[in-house]
Amino acid sequence: MQIVFEKPKALSDTPTHYCPGCTHGIIHRLVAEVLDELDITGETIGIAPVGCAVIHFNYFECDVAQAAHGRAPAVATGLKRVNPDNIVFSYQGDGDLAAIGTNETIHAAARGENITVIFVNNAIYGMTGGQMAPTTLPGQITQTSPYGRDTKTAGFPLRMCELLATLDGTAYAERVAVDSVKNVLKAKKAIKKAFQYQIDGKGFSIVEILSSCPTNWGLEPVKALEWLRQNMIPYYPLGVFKDKEVSR
Amino acid sequence: MADKVLMKGNEAIAEAAIMAGCRHFFGYPITPQTEISAYMAKRMPKIGGTFLQAESELAAINMVYGAAAAGARTMTSSSSPGIALKSEGLSFLAACDLPSVIVNIQRGGPGLGGIRPSQSDYFHATRSTGHGDFHMIVLAPNTVQEMFDLTLEAFDLADKYRMPAMILGDGMLGQVMEPVDISRGNNIKTYVKDWALTGTKGLRKRNVVNSLYLSAEELELLNFQRFDKYKEVEKIARTEDYLLEDAEVVVVAYGICARIAKNAIDTARKNGIKAGLIRPVTLWPYPKHQLKAAAEKAKAFVVVEMSMGQMIEDVELSIRCSRPVLLCNRTGGMVPTREAVLESIEKAALLKGEQNADSI
Ligand SMILES: Cc1ncc(C[n+]2csc(CCOP(=O)(O)OP(=O)(O)O)c2C)c(N)n1
Ligand code: SF4
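Chain order of the listed sequences is D and B.
Heads up, the final residue of the first sequence is numbered 248 in my numbering, and it's a clean run with no missing numbers.
Heads up, the final residue of the second sequence is numbered 608 in my numbering, and it's a clean run with no missing numbers.
In short, the hints are calculated from the structure, not lab data.
Glycine included, each C-beta is placed from N, C-alpha and C at the ideal position.
Careful: at least some of the hints might be erroneous.
[Stated by the list, open to error] Within a straight-line C-alpha distance of at most 30 Å, the following computed DSSO-like cross-link-like pairs (lysine-lysine) qualify:
(1) K294(B) with K189(D)
(2) K152(D) with K7(D)
(3) K9(D) with K453(B)
(4) K192(D) with K7(D)
(5) K545(B) with K202(D)
(6) K449(B) with K193(D)
(7) K294(B) with K202(D)
(8) K290(B) with K252(B)
[Claimed, not checked] Covered by chain B, according to a simulated footprint, are these stretches of chain D (three or more residues, beta-carbon under 8 Å):
(9) 48-61
(10) 67-79
(11) 199-210
[As the list claims (entries may be wrong)] Covered by chain D, according to a simulated footprint, are these stretches of chain B (three or more residues, beta-carbon under 8 Å):
(12) 294-305
(13) 312-321
(14) 331-341
(15) 426-436
(16) 457-465
Turn these sequences into a full structure, and let the hints guide you.
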């Protein structure tokens with residue numbers, strides 16, 4: 001019998017706790033496939049955030065440190081400075097990376113810290129039940145923006161890739177989405193490139209992945225992907241914002 | 249043969265850390281401890297170590313968390329307002345049983361306070377270090393030599409018991425220069441850390457450093473187990489005593505205050521008062537048994553500290569309020585004088601074991 005499809009080796013057998021239709025699962029798979037293909041699981045240390053991915057240490061077959069809310073890039077810095085030969089990646093949501101941990105994110109990038117950041121932007125705080133995130137779109141309804149995000153009082157969303165691209169320490173910043181097969185394939189390529197940049201010692205690499213939260217958006221999984229396509233992608237354009245190799 | 253080197257207190261801490269094998273230091277500038285960072289910035293690149301000036305104390309303590317998780321000996325230092333920011337990380341370090349050394353060279357508070365010496369973070373260090381049920385080891389040096397020795401010991405205890413350890417100093421100890429015998433730094437014990445995150449290399453199951461337990465039963469059990477460990481750690485509680493044998497008035501003071509108290513005790517003895525000193529070297533665990541034993545002979549206690557009266561609570565608890573306890577204190581960056589301590593000793597000598605000092 002020929003095996004035509006199997007689970008990446010870098011993923012454990014533990015069933016994930018993610019809601020049905022949530023794209024965190026797809027992103028886990030992409031990261032795991034990349035770890036397999038680059039054959040680096042044994043060298044890799046992951047950082048789990050505070051957010052829906054808080055227990056990703058149950059799923060990835062590499063060493064993992066769970067970090068305080070937003071501090072993953074600082075924790076990654078400590079790990080990487082001790083063992084520069086380890087491959088260190090953080091996996092963070094938008095509240096974690098772009099609100100409470102903005103300082104740690106920006107400075108890890110500015111230092112050119114040789115780590116990889118997988119940034120899952122779902123425009124909402126998933127784990128705590130759907131509050132407004134720094135990336136919540138203008139007008140978007142959440143538990144704490146019940147009349148829609150009013151930019152007069154709640155300000156504007158952060159475009160992290162654009163922001164980080166301005167820093168000399170950022171080697172690679174790309175925004176992708178996991179709303180379609182085509183985009184999922186592109187997302188994997190970007191993740192692989194980000195890890196390869198770390199292996200090659202090029203500095204800070206980040207892949208921002210537009211992801212769905214059907215539960216807190218109050219949409220069925222397929223509708224959620226449509227909403228992502230129609231609302232998030234126009235505000236958060238996909239593409240490469242920084243590539244050290246190309247700009248030099 | 250002893251190698252004696254003239255050093256500032258802060259430098260002694262930094263050099264001891266290096267001799268203890270610390271190669272990863274993460275700091276953020278704040279007076280009066282900046283010499284530690286400056287020393288590390290100079291030395292680390294020369295010995296293949298890392299000095300990193302973090303973007304904040306929050307970042308620095310979380311870098312320590314990462315480096316400790318990787319199995320390295322690692323340290324951060326700060327002063328009072330910066331230590332407050334480290335509280336989050338201290339709780340995570342304790343929760344994940346990660347060995348690490350944290351230095352607090354205290355300054356006057358609250359708020360931004362001042363930059364003169366203080367002991368007003370005693371409660372923070374021994375009681376409210378961060379959220380949740382946990383402790384860290386707290387060591388209180390009172391000479392530059394002890395800044396050196398206790399830093400070596402802090403690294404050892406942190407590794408041995410797998411928990412954070414703090415050096416609690418003050419601005420005066422940090423700045424003063426004294427000769428230091430550094431020979432003890434040549435004899436360092438190391439520990440196997442099979443729990444560290446170094447990559448599985450495909451040879452073992454993954455290691456995880458984590459403090460999230462959604463099952464209350466599991467979390468309670470873990471806390472029970474950690475507190476069982478603390479029972480063991482309590483055995484390291486220690487004091488340095490001076491003229492305690494026949495003392496009727498027992499002065500309790502740590503850090504720089506203990507040196508002032510010693511002076512006052514000498515004068516009191518000349519004046520015919522049987523005074524003695526207990527200097528807690530460990531603030532957590534607190535040497536409560538030593539204090540309780542002293543209370544059997546003593547008539548009264550005097551606590552000297554540079555705060556509005558924080559350690560005095562531990563003295564009263566340790567002796568179960570069985571003797572009057574007077575407070576001789578200054579705050580906000582002021583240091584108690586020898587004369588003020590002497591006056592308190594004389595007052596205490598008149599109390600003759602009465603229960604309540606407030607009625608005098
Ligand atoms: C210091 C601190 N503040 C707040 C929280 C509560 N909290 C848990 S998860 C979370 C937000 C997570 O949202 P995000 O980072 O967007 O990730 P997602 O859950 O959407 O994947 C918050 C605020 C916490 N655990 N710690
Ligand atoms: S709450 Fe949202 S982000 Fe979290 S698992 Fe459910 S769908 Fe995914």
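Hint check:
no.	hint	verdict
1	K294(B) with K189(D)	40 Å, violated
2	K152(D) with K7(D)	47 Å, violated
3	K9(D) with K453(B)	13 Å, holds
4	K192(D) with K7(D)	17 Å, holds
5	K545(B) with K202(D)	69 Å, violated
6	K449(B) with K193(D)	22 Å, holds
7	K294(B) with K202(D)	24 Å, holds
8	K290(B) with K252(B)	21 Å, holds
9	48-61	holds (count 6)
10	67-79	holds (count 9)
11	199-210	violated (count 0)
12	294-305	holds (count 5)
13	312-321	holds (count 9)
14	331-341	holds (count 3)
15	426-436	violated (count 0)
16	457-465	holds (count 4)
Checked against the numbered hints listed earlier, the structure breaks hints 1, 2, 5, 11, 15; every other hint is satisfied.
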